[in-house]
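Peer 1: Sequence:
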Amino acid sequence: MVNSIPPRRTTTRRLVRLRCAASAALACVASRIAPAAGAPAAPPPVVLVRASVADRARSVMPPALWLALVGAYAGTASVPLADDATADAAGCLEAGGDYLVIATFDVRSDLPGLANASDRVAGRSHLRVLACNDGRFLADRTLRLDGEPLAPAEAGTPEALASAWRAAVAAAFANAGVAVGRITRGHRLDSGGNAFHIDFLIGGVKPGAVVSDVARPNRTPRHDPISLGVVTASGASADALAAPAPDGRPAPGVGDDIEFSAPA
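Per the working numbering, residue 5 is the first one in the sequence shown, and the count goes up by one each step.
Just so you know, these hints were derived from the structure itself, not from any lab.
Where a beta carbon is used, it is the ideal one built from N, C-alpha and C, also for glycine.
Some hints could be false.
Quick list of simulated restraints, FRET-style, between CB atoms [stated by the list, open to error]:
(1) A166 - R226: 39 to 49 Å
(2) T80 - P153: 23 to 33 Å
(3) P211 - T161: 39 to 49 Å
(4) D88 - T224: 26 to 36 Å
(5) R62 - G196: 20 to 30 Å
(6) S63 - G257: 44 to 54 Å
Please construct the entire structure, taking both the sequences and the accompanying hints into account.
Peer 2: This is how it looks when you write it as structure tokens:
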């Protein structure tokens, strides 16, 4: 897989100093972040989804359920990639997408010495998240999935299968270490630098993560991604700080695309 470019040490030190300077005022930072005035907000990146289930696994994971679970991870605005489209950068761009989430599902056989109750469903998923404009994979992970036990009388019913898998799949995807979002609000700090609010379309991050501003609102990629340090995070949103940009260097702005990819 291809990971995001790590921040330089000087950038990291700046972000650390900004976090320390702002830590006493975090409560007011979030409340003072205001929407930017001027031009209408650019539309968010388009996320496409390709979700597939192995034939032998369809009795425990119906394709419609898997698509719904992957779609929940990819965001409520995500759209399934057409069956006749290729699941690659070219097919994604042709379909008007900016990112493509590709997730397969298969059953996982019990192995000697590994505890898996007979009434518990076990599976695995190969998850990939593709940035379609340049073909980079932000994530390429194989995930272990352990569903909740199924009562014999309920086994195979759509409701029971959804209940068995929902939490396990959500947790595994959340721990995959990848996030895609955009800056929706910004505010300049009195101490220097800027605070930004990020809404994530795919995944999320934890405080302390360093995310990358990779493209302007018109989807023009940045030659050198800009690092932002996450200070607070909750669900699919976060507040992050950016060090003051040197003279002549670009700075993050509202509408910019944000990416995060943890090392595998």
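Peer 1: Against this structure, judge whether each hint is valid.
Peer 2: Here is what the structure says about each hint:
no., hint, verdict
1, A166 - R226: 39 to 49 Å, "holds (40 Å)"
2, T80 - P153: 23 to 33 Å, "holds (29 Å)"
3, P211 - T161: 39 to 49 Å, "holds (40 Å)"
4, D88 - T224: 26 to 36 Å, "holds (30 Å)"
5, R62 - G196: 20 to 30 Å, "violated (56 Å)"
6, S63 - G257: 44 to 54 Å, "holds (50 Å)"
In this structure, the one hint that does not hold is number 5.
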